[in-house]
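A.B. asks: Okay, here's what each chain looks like letter by letter:
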Amino acid sequence: MTIDRQALDKLQEIVGGDPADLVELIDSFLEEAPQLVEALAAAQGSGDLQGARRAAHSLKSNARDMGAGELAQLSAELEAQCAAGVLPGAADVEAVRRALAEAASELRAAFPAVAQ
Amino acid sequence: MSGAGTVLIVDDSAMVRTKLSKAVEALGYAAEAVGSGAEALKRLGGAAFDVVLLDIVMPEMDGFEVLKALKASTRTRDLPVIVISALDEEMSSVVKAIELGAEDFLPKDFEVALLRARLSTSVEKKRLRDNEKEYLREVTKLTRAASTLELGKFNPEKLGINEVAARGDGLGTLAKVFSTMAQSVYERERKLRQSIRTFRGALILIACGVLWGLVVPLAKLASEVEAHPVGLAILIDTLGAVLCIGISLKRGTLPKLSSLGRGDISFIVLFALLSAVLNQVLVYWMASQLPAFIVSIVIVLEGFIVFLFAALMRTEVASLKRFAGLGLGLVGIIVILLFGMPVNIAANWLWVGLALLIPVTYAAEDLFIAERRPARIDTIALFGLVQVVSVATLIPIAFVTNDFVPFEQLSGQTGIIVLLMAVASNAAMLLFMWLIKTTGAVFGSQTAYAGTAAGIGWSMLLLGEAVPLLTWGALALVFLGLLLVEPKQEAEAEPPVLDEPEDEGPVAVAVQSAAE
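Going down the list, the sequences are from chains A and B. Mind the numbering: the first sequence is residues 8 to 123 in my numbering, read in order. Mind the numbering: the second sequence is residues 2 to 517 in my numbering, read in order.
FYI, nobody ran anything at the bench for these hints, they're computed from the structure. Hints are supplied without guarantee of correctness; some may be wrong.
As the list claims (entries may be wrong) - In silico PhoX-like links for lysine-lysine, alpha-carbon gap of 25 Å or less:
| hint | chain 1 | residue 1 | chain 2 | residue 2 |
| --- | --- | --- | --- | --- |
| 1 | B | K23 | A | K17 |
| 2 | B | K43 | B | K127 |
| 3 | A | K17 | B | K109 |
| 4 | B | K177 | B | K134 |
| 5 | B | K72 | B | K159 |
| 6 | B | K127 | B | K159 |
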């Protein structure tokens with residue numbers, strides 16, 4: 008289990024305490040995060056350092072809100088790498104993709120109300 | 002809008018927008034979220050927000066650019082902006098945002114208590130600043146109203162300080178006191194201006210009357226050998242036309258014929274028919290049949306007729322005082338007609354009845370000038386054109402009625418009389434047109450009173466006609482009436498607009514460039 012339930016509890020408290028709102032946010036994350044990974048892959052493929060940095064930045068923040076520690080960690084490293092002027096490799100993107108898939112399946116398992 | 006305030010959320014991530022919107026709403030604020038800097042500027046250009054939650058890292062237009070645009074416009078300069086950033090590696094960004102004018106920052110993984118504190122502080126500051134700006138705006142309004150007052154041309158109703166006077170504080174009291182003072186200064190100045198207008202109007206009126214009063218006895222003198230009313234009018238109007246067109250050509254005020262509109266042409270033609278064909282011929286004809294002082298006296302009725310028409314058409318204020326003034330004038334005339342005539346006049350009652358048409362035609366002229374005169378054409382040029390049309394209309398009538406003044410009559414005394422009549426009647430008509438333009442039809446109609454008085458005087462002087470004593474007493478009544486009818490109240494000029502237009506500046510420019 009890599010998902011941090013405490014982070015999700017905090018998120019639920021911030022948005023007012025309604026579990027339905029938390030489910031809505033998880034849905035939103037599961038829809039947006041794969042797009043961000045694809046944006047990261049495209050930027051990596053085309054050598055767009057700033058694009059890669061922005062995608063990694065958003066993935067990092069969103070993953071933190073979801074308590075997806077590994078995904079957040081990998082994204083933070085890639086963001087820092089881009090800030091230092093080094094374009095991530097294809098393998099880095101692949102690792103992020105895997106971490107997202109793992110977090111997504113855990114979230115779906117933990118919250119049956121989330122769109123499967 | 003929520004009572005706590007309205008928050009604009011700017012973040013490119015849909016999940017973050019949802020999270021922040023729900024968090025803000027849970028605290029009692031209204032929230033609106035947009036996904037880019039350009040959209041944010043567009044929204045801020047059109048709606049009022051109390052605080053902005055702004056993400057820094059965004060594609061195309063980042064948070065720094067949004068901040069710069071907001072701070073560059075007077076409209077959004079004071080809107081508090083809270084930047085959102087991950088604290089760990091973005092401290093330099095936060096510092097830069099605060100240097101650019103951000104109010105505060107919020108870490109991405111914020112606690113509810115921190116969001117509440119940041120929002121309430123920002124909204125409170127915004128409200129204080131809004132109040133302060135409003136206060137300064139109203140002080141500016143008051144200061145500007147004071148400067149306007151100093152310039153002297155103002156309308157107390159339109160000084161733009163009614164809103165300020167409605168305040169419950171010291172500034173409101175100051176505005177109220179100022180407003181009352183402005184009102185009394187305005188009243189005083191208005192009365193002064195009115196007095197000046199009355200005095201100036203009275204002088205022109207007397208001059209006009211003296212000249213006009215000369216026309217009837219002169220017409221009587223001219224017709225003593227043989228009456229030719231149409232021929233006399235042709236001669237006088239020809240001289241008037243030559244004089245006025247000549248002056249207009251010299252001054253360059255004569256309008257091109259092609260520039261005359263239908264309204265201008267119909268005024269010129271109708272006025273020529275009214276003034277030359279009807280009025281002038283009628284006056285000269287009556288002068289040949291009745292004592293000149295009787296014709297002069299009948300003319301005085303013009304004032305009453307004009308006021309009656311103007312009051313019926315609601316073109317001038319019909320006050321009791323003005324009615325009383327004109328009524329008094331009428332009583333005087335009736336007394337003169339009933340008791341003030343020489344004994345041998347009884348056989349001429351038919352002529353007196355016809356002569357009563359003269360004041361009706363004068364009144365019609367007066368109102369026609371007041372209501373229809375083309376304002377853009379210079380008075381002398383306009384009158385010159387009228388005279389040209391008059392002559393053109395009178396010539397065929399003279400042919401038909403065989404009423405030309407024989408050339409041999411024009412040598413000697415009659416020639417001089419015709420010349421004097423031309424000068425007197427044309428100058429009187431020009432003064433009359435100018436008087437109506439500046440003082441209104443009712444006041445202008447009082448030329449008839451002055452004309453009557455002068456007419457009687459000239460009749461006695463030039464013709465040796467005797468005026469019974471009772472007539473003088475009745476005339477005094479007529480002049481008392483004159484004092485009661487003041488010139489019409491002139492509308493005051495519009496005061497300058499005191500509200501400054503809002504600066505749309507850089508936000509509008511930024512929105513436009515973002516749209517491109």
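A.B. asks: For K72 of chain B and K159 of chain B, compute the direct alpha-carbon distance and say whether it is at most 25 Å.
C.D. replies: Status violated; Cα separation ~34 Å.
A.B. asks: Within a Cα-Cα threshold of 25 Å, do K23 of chain B and K17 of chain A meet the stated pairing?
C.D. replies: 13 Å, holds
A.B. asks: Does K127 of chain B lie within 25 Å of K43 of chain B when you go C-alpha to C-alpha?
C.D. replies: 20 Å, holds
A.B. asks: Regarding the pair K17 of chain A and K109 of chain B, is the alpha-carbon distance no greater than 25 Å?
C.D. replies: Holds: K17 of chain A and K109 of chain B sit about 13 Å apart, inside 25 Å.
A.B. asks: CA of K177 of chain B to CA of K134 of chain B, is that 25 Å or under?
C.D. replies: 20 Å, holds
A.B. asks: K127 of chain B and K159 of chain B were given as a pair; does the straight-line alpha-carbon distance stay at or below 25 Å?
C.D. replies: Status violated; Cα separation ~31 Å.
Violated hints, in rising order: 5 and 6; the structure is consistent with all others.
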